[in-house]
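K.L.:
Those protein sequences? They're chains A and B, same order as listed. With full-length UniProt numbering, you'll find the first sequence wraps up at 233, consecutive numbering, no jumps. With full-length UniProt numbering, you'll find the second sequence wraps up at 233, consecutive numbering, no jumps.
Simulated from the structure, these hints should not be mistaken for lab results. Here the structure is a predicted model, which means the values were calculated and not measured. Please note: incorrect hints may appear among the correct ones.
Stated by the list, open to error - Label-pair distances were calculated between CB atoms; the ranges are:
no., chain 1, residue 1, chain 2, residue 2, range
1, A, E85, B, Q73, 55 to 61 Å
2, B, S66, A, D216, 38 to 44 Å
3, B, E82, A, P64, 35 to 41 Å
4, B, T186, A, A24, 38 to 44 Å
5, A, N28, B, A74, 46 to 52 Å
6, B, R57, A, G175, 43 to 49 Å
7, B, A164, A, D68, 29 to 35 Å
8, A, A24, B, A70, 42 to 48 Å
Beta carbons: idealized from backbone N, C-alpha and C, even for Gly.
In case you want the letters, here they are:
There are 2 protein chains.
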Amino acid sequence: MSGTLFGVGLGPGDPGLITRRAAALIENASVVAYPSLAGGDSFARAIAADLIPPTAREIRMDVPMSRDRAPAQAAYDAGAEEISEALENGQDVVCLCEGDPFFYGSFMYLFARLRSRFPVKVVPGVTSLTACAARAALPLTARNEVLTVLPGPLPDADLRDHIARADTLILMKVGRHLARLRALLTDAGLLPMATYVERATLGAERVLPLSEAPDDAPYFSMILIAKGADPWL
Amino acid sequence: MSGTLFGVGLGPGDPGLITRRAAALIENASVVAYPSLAGGDSFARAIAADLIPPTAREIRMDVPMSRDRAPAQAAYDAGAEEISEALENGQDVVCLCEGDPFFYGSFMYLFARLRSRFPVKVVPGVTSLTACAARAALPLTARNEVLTVLPGPLPDADLRDHIARADTLILMKVGRHLARLRALLTDAGLLPMATYVERATLGAERVLPLSEAPDDAPYFSMILIAKGADPWL
Numbered sequence: 001m002s003g004t005l006f007g008v009g010l011g012p013g014d015p016g017l018i019t020r021r022a023a024a025l026i027e028n029a030s031v032v033a034y035p036s037l038a039g040g041d042s043f044a045r046a047i048a049a050d051l052i053p054p055t056a057r058e059i060r061m062d063v064p065m066s067r068d069r070a071p072a073q074a075a076y077d078a079g080a081e082e083i084s085e086a087l088e089n090g091q092d093v094v095c096l097c098e099g100d101p102f103f104y105g106s107f108m109y110l111f112a113r114l115r116s117r118f119p120v121k122v123v124p125g126v127t128s129l130t131a132c133a134a135r136a137a138l139p140l141t142a143r144n145e146v147l148t149v150l151p152g153p154l155p156d157a158d159l160r161d162h163i164a165r166a167d168t169l170i171l172m173k174v175g176r177h178l179a180r181l182r183a184l185l186t187d188a189g190l191l192p193m194a195t196y197v198e199r200a201t202l203g204a205e206r207v208l209p210l211s212e213a214p215d216d217a218p219y220f221s222m223i224l225i226a227k228g229a230d231p232w233l
Numbered sequence: 001m002s003g004t005l006f007g008v009g010l011g012p013g014d015p016g017l018i019t020r021r022a023a024a025l026i027e028n029a030s031v032v033a034y035p036s037l038a039g040g041d042s043f044a045r046a047i048a049a050d051l052i053p054p055t056a057r058e059i060r061m062d063v064p065m066s067r068d069r070a071p072a073q074a075a076y077d078a079g080a081e082e083i084s085e086a087l088e089n090g091q092d093v094v095c096l097c098e099g100d101p102f103f104y105g106s107f108m109y110l111f112a113r114l115r116s117r118f119p120v121k122v123v124p125g126v127t128s129l130t131a132c133a134a135r136a137a138l139p140l141t142a143r144n145e146v147l148t149v150l151p152g153p154l155p156d157a158d159l160r161d162h163i164a165r166a167d168t169l170i171l172m173k174v175g176r177h178l179a180r181l182r183a184l185l186t187d188a189g190l191l192p193m194a195t196y197v198e199r200a201t202l203g204a205e206r207v208l209p210l211s212e213a214p215d216d217a218p219y220f221s222m223i224l225i226a227k228g229a230d231p232w233l
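Work out the full structure: start from the sequences and follow the hints.
P.N.:
Take a look at the structure:
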């Protein structure tokens, strides 16, 4: 009998936002796996640090940051190989995932490699989407409103087209695209209602009007444009 | 000193998907509040049932189901009044919310009524969005894909416009709109890649190709159209 691969969402960063199911799986894990970026620390591991048993074996996937996809894909190939050896030996593997595994998560790369050979279970997590809304005290959607989530790196023309049609609009992966995104939103008349959130639920969190946000935003930052609660009274 | 109103997301239904922060708040609550629909049971209360202290006071808001908004708004008026009395007496109130309080959640109606008078804190929860994706084993979004969330009750013309532009597409609040939505997706050539999920994470859960879904879908049902993991290998 082979083991099961668990893709476990940890939420946006505050360890209190880990679900009870995720916590139980990590506390009882004999093998945990996680990505780390560019030789630095692993954010996923840091979120779950208090839960990882000292006896657990840890499989670390060091994913290089580059626009060329091949080096990152090679890191997932190597990680999938190491994970598959544990699964073949009948061990379950708990893969730690920031946010939710299937919402812009790197777990998909392992899922694509291993789903046909092993049982895989996914434990959903709190996404940065609703975590940022909670921290900004900004209701996202009610009734029949449409929600659009746009990655900041998209080309201007695509962004303009979606921005023109959106009710509630979320811009993810803002980072170094902030000035460009702010200009697009200003053109669309949306700057006064845009909120910027950086590192939601962490100690270094910041919530600001987008007009006051720094041009050098970190990767974990988001812009929210929502009507707020009062229109729904 | 007035108390604090906590809007606490409970996730999609499986009590294991309650976060540790939410569980701690409920276990220590002296006053809990929750909506119930049309005189029936409260789904929110059922999710958290094991955590509610027997000594806690319970404020129940019985929200009638009707297309006319006035009766529901009157129920929230009455609930907000009862909650505000507890807050004025210095008691914290923990409001139980299915899913996430700010993602198509009725907590917004309380938030709109009470935010200017009392401190309000929101604890985000796992949304049905990623819970359905996890149960359907269907990654939602990767890289620079756009996610669009559409409520099923929208008019056909609006739905067609958004469907034509979407990468990953989620249709919420499917219920009695299922046959109409299926026809629209068929016209757009998307039926073969559409997945239907009903009562995700609950005992009565069903995951089916949309082509095999029943016309009499329950309110808690969703249609997902996503490319899956393999294109991201």
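K.L.:
Are the hints correct? Go through all of them and say.
P.N.:
How the hints compare with the structure:
no.: 1; hint: E85/A to Q73/B: 55 to 61 Å; result: holds, 59 Å
no.: 2; hint: S66/B to D216/A: 38 to 44 Å; result: violated, 51 Å
no.: 3; hint: E82/B to P64/A: 35 to 41 Å; result: violated, 56 Å
no.: 4; hint: T186/B to A24/A: 38 to 44 Å; result: holds, 42 Å
no.: 5; hint: N28/A to A74/B: 46 to 52 Å; result: holds, 48 Å
no.: 6; hint: R57/B to G175/A: 43 to 49 Å; result: holds, 46 Å
no.: 7; hint: A164/B to D68/A: 29 to 35 Å; result: holds, 33 Å
no.: 8; hint: A24/A to A70/B: 42 to 48 Å; result: holds, 45 Å
Consistency with the previously given hints fails for numbers 2 and 3, ordered from lowest to highest.
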